[in-house]
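Residue numbers (this note's numbering), protein chains in the order written: chain X, 1177 to 1403; chain G, 15 to 308; chain Y, 115 to 393.
Do not rely on the hints blindly, as some may be mistaken.
As the list claims (entries may be wrong) - Listed below are several chain Y residues computed to face chain X (Cβ distance under 10 Å; list not exhaustive): (1) A215; (2) E217; (3) H324; (4) Q340.
Keep in mind that the hints were calculated from the coordinates and are not lab data. Idealized CB from N, CA, C, for every residue including glycine.
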Amino acid sequence: MRELYTSELEELEALLRDEGKLVDRAIRGALNVLERDDLELADELIAFDDEIDSRYLAIEQRIPSLLARQTPVAGELRLVLAILYINLHLERIADYCVTVAKLAKLAHGLPRDRAVLEALEEMGERCREMLGTGLEYFYARDFTDSQALIEMDRPIDRANRKLIDRLIALGPDESQREWAMRMMLASRCLERIGDHAVDIGEQAAYLVRGRFEEFTDASHKPPRATT
Amino acid sequence: MSEPAFTLKATGRLRRRQLVNQGMGALAAGAALLAVSVLAIVVISVGSRGAGSLNLAFFTQNQAQGFNPKGGGVLFAIVGSLVLVGIATLIALPLGVLVAIYVSELAPSRLARIARMALDITNGIPTIVIGIFVFTILVAAHGQSALAGSIALAIIMLPLIARATEEVLLLVPSSQREASLALGVSRWRTTVQVVVPSALGGILTGTTLAIARVAGETAPLLFLTYLGTSSTADANPLHPLQSLTLVIFSYSDQADPAYQSKAWAAAFVLMCFVLFTSLAAKLALARYRKKLGG
Amino acid sequence: MEAIKTKIEVTEKERLPVVSEREAVFEARDLAVYYGDQRAIDGVNLDIYQRLITAIIGPSGCGKSTFLRTLNRMNDLVPTASLTGQLRYRGIDLYGPGVDAVEVRRRVGMVFQKPNPFHSSIYDNVAYGLRILGMKRDLGERVEKALRAAALWDEVKDRLKDSALGLSGGQQQRLCIARAIAVEPEVVLFDEPASALDPISTSAIEDLMHELKRDYTLVIVTHNMQQAARVADMTAFFGLDVSPDGNRQGVLVEYDETEKIFTNPSDKRTEGYVTGRFG
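Okay, chain X solo, but in the shape it has when bound (with noise of 0.2 Å):
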């Protein structure tokens, strides 16, 4: 029943699914330009972003179309709301990534500390993880452990502060501390990227909980046990 709809559905899920291997890509790419300075894979990494847009625009554009035209209801609904959120995070999360590659590129050059750097790295990989987590409870349409990504969150804070402590303690000279200042910005960036990994989670356990508890789309596996 409704076979052009469900392929729409799927076709969806498809194109988010991509652009959130893309965006983890996107975190990694960054991480890599901050470990080795290298102003090309930094240009390589904003020009990665059009990439990226373009899944986005492909999903804002048709959930308005399918809106209008299919009428979802339910678990539908739901699910078409999720996409469109969690489109709209992926795509913050990969400009933050331009935003850290952009920061590299003016901070080339500068006397770096290892310390920094590996809090830096050590907080990008956290973000993975949580990305990584909160879309797979969105593909498997299972909930049960919430705690599990804000427990992730702790890690995050942790670098961070240990990274301020580092980067206050730094020495006068004015172009380590220009250095210091694009890490901050950096690390904000990181911060909020971990944000958005957390609203994506928060995305696929509304999905899942919502008010009505089962969805009938034929193209997706059913709920597993929730909490």
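Following the hints, put chains G and Y in place on chain X, whose structure we already have.
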């Protein structure tokens, strides 16, 4: 629990209304009973007077002759009636259906109205007048014949069949016609292949009722085939043939009680034929309807 | 860093019908239909494109069915109906001299609101048109092909001789579709095809239309605009115009891709109708 402030029992005007209802109901039942009784009385009185004279000879012999005959039967009267009605049906049925098709499907409304009026008027013409008409046209020049009788009977049957057919054709829902036309089938073929088959049951009933009606016609046949009544042993439609109705007429005119009892017997046979035909028509219609899954 | 190309990009192009490149099967120019002196619809200018589903929506009395019936000359059956303007079918003036309405209906089939199978067997229903129109070769195969295309074959293949009236409403409607496509028309018109059916049967018919679109051009009239939204590629909205002398007539207000009509219509009246405000 206290008494309710009102009561639902019948009082005053309500009571009078109930009495009127019951009275009218009884009256209607009585009328129905009367109608059924009339049929019962006719069947019983004809049956009781006629059935006694029925024997094998009655059905296998030609008319008796002479005074106080022992045997004699209505074989050729039955044959003659069958020929008369048969040919009349052969003429009236296709014509009647075609007229009905024209009037209900093909004609512009003004012409259709004129045709319908003509049919109604024909229906009302006294059958004896129809007999005279056919006499003038056919018999005066060529002599009496069963064929002339059939033509007269056909004229009587035509409006009956046409009107019954028209009613049934109109009952066929226009959605059926539209379905056929939308496929690119012409109007005429739509009528023949979709509309008429749907209406077949009704056409059949109308025809059977028309047959039952003319089987008992006597007056027109007086002019057209009466000569055959005197014991012609024939089935050729171009000759005047016997007819059951005319035999009843002529026998009952005689003083001899032997002939009179034969008249009753013939009347009984005729009546049975009409009853049987009507019942058969109704049964056939019911079975036809069921077949269509109607 | 290489980009991930997905199959999504390919289907993006397939999704939207490239309307401007398609052939127009029907072209209406200043078409107006009258019943006697009353004008029922006015000033209709639109093209119906090949192998697309075109929906006609609008409030009651706006002339949707009237317009639909001009496409296969079924309006000829109404004695007082007449029309002005032009309606071309593949370049031929449909109402020109020498055009046989019966021939037109062979190429432009119709499915009606209430299923109207003939009172005969399932097989005979589908074979009816084939027999009369002289397409008797391989009759059995043609009947099977039509029933398969109407998604009915599996349900009736073991009881082809049974009466058509024994089928459910949804099945009867699919039988009527099979009957219509058996004679291989180019266009199939649907006059509110699912309004007499339950939601599940309606869904089945809608899925069927998506399938039929591959081979036929479909035009559907529906008072259920959600159905038009789900099913149609192009949508025409007929509004109701009340002239000063009280004469009510239908006018074509907007005709565009369905997506546009339901997400961003150009005309305020269209917006008012699809949002259920008025009309």
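Against the structure, the hints:
1. Below 10 Å, beta-carbon pairs count as interface contacts, and Y:A215 has none with chain X, the closest being about 35 Å; its hint is therefore violated.
2. A least Cβ separation of about 34 Å between Y:E217 and chain X goes past the 10 Å threshold, and the interface hint is therefore violated.
3. For the restraint placing Y:H324 at the interface with chain X, the shortest Cβ-Cβ distance is roughly 6 Å, inside the 10 Å limit, so the hint holds.
4. This hint holds: Y:Q340 has a C-beta 6 Å from the nearest C-beta of chain X, less than the 10 Å allowed.
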